[in-house]
Structure formats: C-alpha cells, structure tokens
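Asker: What follows is each chain in one-letter form.
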Amino acid sequence: MEIYLQQLPQQLINGLTLGGVYALIAIGYSMVYGILGMLNFAHGEVYMIGGFAGWWVLHLLTRNNEVLISAALVISLMIIIAMAVSALVGVVAERFAYRPLRNAPRMNLLLSALGVSIFLQNLVLTYQGAKVRFFHIGALIPEGLRVIHIGPAVFSFMRALVIAVTFLLMGLLSVMIKRTKVGKAMRATAQDLEAASFMGVDVNRIIVLVFLIGSALGGAAGALVGLLFTQVDYYVGFQAGLKGFTAAVLGGIGNIYGAMLGGILLGLAEALAVTFLPSAYKDVVAFVILIVVLIVRPWGLVGEKMPEKV
Amino acid sequence: MVETPILEFENVDTYYGNIQVLYDINLKVNKGELVCLLGGNASGKSTTLKTILGACKIKKGAVKLNGIRIDGKPTQFIISKGVAIVPENRRIFPRMTVLENLEMGAYLRKDKNSVKNDLEKVFELFPKLKERINQAGITLSGGEQQMLAMGRALLSNPDILLMDEPSMGLSPLLVDQQFELIQRVNRQGTTIFMVEQNANMALSIADRGYVLQTGAIVLADTAQSLLCNEMMQEAYLGGDSTCEVK
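Protein sequences, first through last, are from chains A and B. Numbers 48 to 357, taken from this note's numbering, label the letters of the first sequence in order. Numbers 10 to 255, taken from this note's numbering, label the letters of the second sequence in order.
Hints were generated in silico from the structure; no laboratory data involved. Possibly wrong hints are sitting among the right ones.
[As the list claims (entries may be wrong)] Calculated pairs, SDA-like style, for lysine to any residue (alpha carbon to alpha carbon, straight line, at most 25 Å): (1) B/90 / A/250; (2) A/228 / B/129; (3) A/225 / B/77; (4) B/59 / A/225; (5) A/225 / B/68; (6) B/90 / A/239; (7) B/40 / B/77; (8) B/90 / B/193; (9) A/228 / B/193; (10) B/125 / A/230; (11) B/68 / B/78; (12) B/82 / A/222; (13) B/119 / A/227; (14) B/119 / A/249; (15) B/137 / A/249; (16) B/90 / B/56; (17) B/90 / B/20; (18) B/119 / B/151; (19) B/40 / B/24; (20) B/68 / B/121; (21) B/66 / A/152; (22) B/37 / B/217; (23) B/66 / B/125; (24) B/73 / A/230; (25) B/121 / A/142.
These numbers come from a predicted model, not from an experiment.
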C-alpha cells in the first residue's frame with residue numbers, strides 16, 4: 048500500500064496530462080455531435096495530422112540539434128500551425144464529405160466520416176510513409192529545466208506545458224461559448240438548429256465554425272502529444288480517436304463541459320489503473336469505462352437524458 | 010383608410026420536390042392588422058409559413074415583404090428584413106437562460122440601446138420573465154415558455170410577427186391567456202399573421218381571416234363575416250360560434 052501512495056502524486060500528474068489531451072480531442076467529437084447528431088470518426092485523423100504538422104514545424108526549424116529561433120517560439124508555432132492545418136482539414140471534410148449529406152440519414156454521415164478517416168490515413172501514409180517520426184525535443188528545453196522534482200513526484204517540463212496549454216484552451220473555449228455572441232449562437236444552434244435559423248443565425252456558418260474549432264483543438268492535442276511522447280505516425284489517430292470518443296461519451300456526448308470532464312477523468316482513470324495493474328491494462332480500463340457508461344448511463348455524467356430528436 | 014401591405018402573396022405555387030402543395034395563393038397582411046390563416050391538417054398552413062421564411066421554394070408568383078420580393082432568399086435574409094416567428098411548440102432554447110433566449114431574438118440587431126429598451130418593454134409585458142431572468146428555458150412552465158417565445162420574437166422588433174399554431178399543446182386555460190396576449194401585442198402595434206386550427210379562438214381576436222383547403226384559399230373575409238359564414242360554421246366552427254348579426 049505504501050508504495051502505491053508514494054506513486055500517487057506522480058500518477059495524478061500523468062493522469063492530468065493525458066486527461067487534458069483526451070479532453071481536447073473529446074471536445075471536437077462532442078461539439079460536432081451536439082450540432083449535427085453525427086459521430087465524426089475522422090476526428091482521430093485530424094488529431095494525427097496535427098501531430099504531423101507539429102513535427103514538420105519542429106523539423107524545419109531544427110538544424111544539427113539546435114533550434115533556429117527561440118524554443119518558446121518554436122513550441123508556440125508548432126501548436127498554432129498544427130491547429131491551423133487541422134482546422135483546415137476539418138472544414139474541408141465538412142464542406143465536401145458531410146454538408147452534401149446534411150439531410151441524409153445519420154448512418155450515411157457516419158459512413159462518410161469513416162470514409163474520410165480511411166482517406167486521410169492513407170493520404171498521410173502515401174506522402175509521409177509508414178515510419179515513425181520522432182520529435183527531437185532535446186533542442187527545445189535546456190537540461191536544467193527538463194524535470195522538476197516536487198516531493199516524490201517528477202514534473203517534467205513537457206507535462207507542465209501540456210497541462211497549461213490544454214487548460215488554457217479549454218478556458219478560452221468556455222468563455223467564448225458562455226459569453227460571446229457567436230458562442231451563444233453556437234449553443235442555440237446545438238439546442239435547436241431550426242429555431243436558431245429563425246433568429247437569423249446563419250447555421251451553415253455556425254456548423255463550419257464548430258468544425259473549425261473542434262478540429263483546431265484536436266490538432267493542438269496532436270502537437271502536444273508529439274512534444275510529450277516524442278513520436279507520431281500515420282496510425283496514431285485511430286487509438287486517440289477512440290479515447291476521445293470514450294471521453295466524450297463518458298462526459299455526455301454533445302456537452303462541451305462533459306467532454307472536458309470526461310477527458311480528465313479518463314486520463315486519471317488510466318493513470319491510476321497502471322498504478323495497480325500491469326500497464327498493458329491501460330486501454331482495457333478505457334474501453335471497460337466506455338462499455339459500462341453505454342450500458343448504465345448512456346447520456347453520460349453531465350449530459351441530459353433527452354428524447355431522440357426526430 | 011390607407012392600407013400599407015406588409016406581407017403579400019401574389020399567385021404563389023409552392024412545391025415539395027415535384028408535389029404541388031400550394032395553389033395560386035393570394036393574400037395580404039396590412040400594417041397593424043391581425044390576420045389569421047385557418048385550415049385543417051394538411052391544408053398547407055405550415056407550408057405557407059415555410060414559404061414566407063424561405064424554407065420552401067416557390068415555382069410561380071411572388072412573396073413580398075414591404076413591397077420587396079423575398080421569395081428565393083435565405084431564411085436569415087428574410088428575418089433580417091423584419092420577419093419574426095413564434096414557432097409551433099414554442100421551440101425556446103431549453104438550456105439557455107431566459108435572458109439568453111431573449112438575446113437570441115435580437116441576434117441580428119446592432120442598435121444595442123434600442124435592444125435594451127425593447128427588453129424592458131418585453132419585461133413590462135411579461136413581468137414573469139423578469140423574475141426568471143437567469144433560469145434555464147426548460148424550467149419554465151408551458152405558459153411562461155409561451156411568453157418567452159413571444160418575447161424572443163418581439164425583441165427582433167419585427168415588421169410582422171408570424172405565429173404558428175399558438176394554441177398547440179396548451180391547456181384550455183392557457184389557450185385563453187395566449188390569445189389575450191396575442192391581442193394585446195397586436196393592439197400595441199405589432200402586425201401579426203397567425204396560422205391556427207382553432208378557428209373560433211383565432212377569429213374572435215383577428216381582423217381578417219383566410220381559409221385554406223388542400224392548398225388553395227377557399228374563403229377570405231373579415232373575421233366577423235367568417236364567424237357568420239354558413240360553410241365556416243359547418244366545417245370549422247362546430248355551430249357554437251360567436252356570430253353576432255349586426
């Protein structure tokens with residue numbers, strides 16, 4: 048027992064890092080589901096492309112293990128460009144693969160999303176190859192800053208960065224949704240698309256915006272995970288997408304705050320599970336949670352039990 | 010009396026795909042009037058509203074708002090030109106507060122100060138809403154939701170207010186309140202075009218009425234004459250109408 052308690056602070060930090068990333072991915076799933084009632088299974092690929100975009104920025108700005116500009120600027124650029132590239136991918140997918148099916152049965156949309164997922168995966172495989180790309184972050188952080196010891200816990204610089212950025216992005220999104228006019232229009236559209244159009248809301252633009260924001264957050268998650276675990280390949284989107292989806296369902300799909308909560312709880316659950324179980328059980332824990340939630344509380348932790356929209 | 014038409018239908022045919030739903034519709038709502046469109050199920054009442062809002066395309070004729078054609082335009086354009094609607098079943102935003110719901114009504118308005126004024130006017134008209142200003146829409150009672158939907162529509166400061174089946178889903182007591190409210194709003198100067206199945210109720214407060222049958226207008230007259238019309242009495246009013254021969 049003693050040893051578990053000693054590990055606890057460390058696992059909480061690990062869980063919070065992982066959870067922040069899951070939350071960012073889950074938000075994209077939840078926002079799109081909330082507004083269109085569709086599961087955007089291409090969202091994992093959007094995350095993966097964010098990872099590649101981040102890798103390219105780092106790669107192009109590094110020579111002989113030295114960064115060409117300040118490390119802080121490189122990290123900022125990695126995240127911003129990953130967000131921009133992923134946002135573009137999400138918006139293009141909406142325009143060409145989802146919008147033409149707006150009035151089709153939901154199943155068609157789901158299949159179209161799976162198609163986009165396969166397309167994007169193979170696109171990256173074709174142009175980037177199957178080999179794993181490593182993030183050479185050694186150049187980014189000076190030796191002395193890499194780890195911070197707090198009692199028994201080791202707080203790496205990257206973990207602190209990931210936690211800070213994920214919570215900053217979630218905070219910004221919350222303020223936008225709650226306070227701004229466009230945020231209110233987004234909520235109104237999610238709650239009743241037709242009624243929102245009666246208020247004069249251009250719902251097509253709101254839907255594009257939802258894809259843009261959700262995909263940008265997914266892209267940020269991709270770049271952050273690259274910085275944290277230092278690798279990316281064309282297949283990472285599958286696993287990440289499933290985790291994000293699980294987090295969204297856990298919180299209550301369609302609810303943005305639920306996605307945040309679900310992501311963080313899922314990350315903590317995985318981190319705590321490896322304290323007590325062999326680390327191979329990490330993913331088992333995630334999917335057991337998914338199955339249990341779907342059976343016991345399919346509307347999630349903070350989601351509301353709503354009648355199916357007809 | 011000088012009539013200023015706000016809304017006009019001129020020989021309008023509306024289709025769903027290849028199926029014709031509205032046949033040669035002619036109607037007019039003048040400034041300050043309360044006009045109702047009556048008819049049974051599947052008579053084309055909802056389609057008429059959808060045609061105004063640009064949700065259904067017309068193949069013939071013209072729909073005009075303040076003399077300008079609005080057919081073929083997107084919904085948000087039509088709303089921006091002065092149309093507001095209280096939809097069937099109210100359709101308030103359930104997880105937004107009363108204030109946020111009202112703010113959505115003023116979504117397209119840029120004149121912040123007059124929005125503030127209109128908000129105060131709405132609260133004067135519906136003091137209940139002010140008491141519940143920070144409550145989520147879904148927690149309101151049916152009658153309060155009706156007020157909210159009405160207040161939300163009024164906050165766009167519309168030239169014409171469309172009402173889709175205002176009596177739908179309300180208890181008889183609330184229906185009475187609802188129609189009193191509509192009359193009050195109309196008397197304060199808002200032009201209203203109301204679609205309703207409850208012909209007795211609608212005609213008791215309306216200035217004029219049109220009757221739709223399978224997509225065509227079969228009767229058009231003042232409310233009083235419609236109440237006394239034999240065919241109306243038989244088909245829609247059930248004999249207990251309030252026809253008073255003057």
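Asker: Each hint should be assessed against the structure and marked as holding or not.
Answerer: Results of checking the hints against the structure:
1. B/90 / A/250: holds, 18 Å
2. A/228 / B/129: OK: residue 228 of chain A and residue 129 of chain B at ~20 Å, within 25 Å.
3. A/225 / B/77: With a Cα-Cα distance of about 37 Å, the restraint between residue 225 of chain A and residue 77 of chain B is violated, given a limit of 25 Å.
4. B/59 / A/225: violated, 31 Å
5. A/225 / B/68: violated, 42 Å
6. B/90 / A/239: Between residue 90 of chain B and residue 239 of chain A the Cα gap is close to 22 Å, so the pair holds against 25 Å.
7. B/40 / B/77: holds, 15 Å
8. B/90 / B/193: holds, 24 Å
9. A/228 / B/193: The given pair, whose Cα atoms are some 31 Å apart, is violated under the 25 Å limit.
10. B/125 / A/230: Since the Cα atoms of residue 125 of chain B and residue 230 of chain A sit roughly 20 Å apart, the hinted pair holds (cutoff 25 Å).
11. B/68 / B/78: Holds. Residue 68 of chain B to residue 78 of chain B sits at ~14 Å (cutoff 25 Å).
12. B/82 / A/222: violated, 34 Å
13. B/119 / A/227: This hinted pair holds, its Cα atoms lying about 14 Å apart.
14. B/119 / A/249: holds, 16 Å
15. B/137 / A/249: violated, 31 Å
16. B/90 / B/56: holds, 20 Å
17. B/90 / B/20: holds, 22 Å
18. B/119 / B/151: Violated, at about 31 Å.
19. B/40 / B/24: violated, 29 Å
20. B/68 / B/121: Given pair residue 68 of chain B, residue 121 of chain B is violated - Cα atoms ~39 Å apart, limit 25 Å.
21. B/66 / A/152: holds, 22 Å
22. B/37 / B/217: holds, 10 Å
23. B/66 / B/125: Roughly 36 Å between the alpha carbons, so the hint for residue 66 of chain B and residue 125 of chain B is violated.
24. B/73 / A/230: Violated, at about 33 Å.
25. B/121 / A/142: violated, 34 Å
Hints 3, 4, 5, 9, 12, 15, 18, 19, 20, 23, 24, 25 from the earlier list are contradicted by this structure; the remaining hints agree with it.
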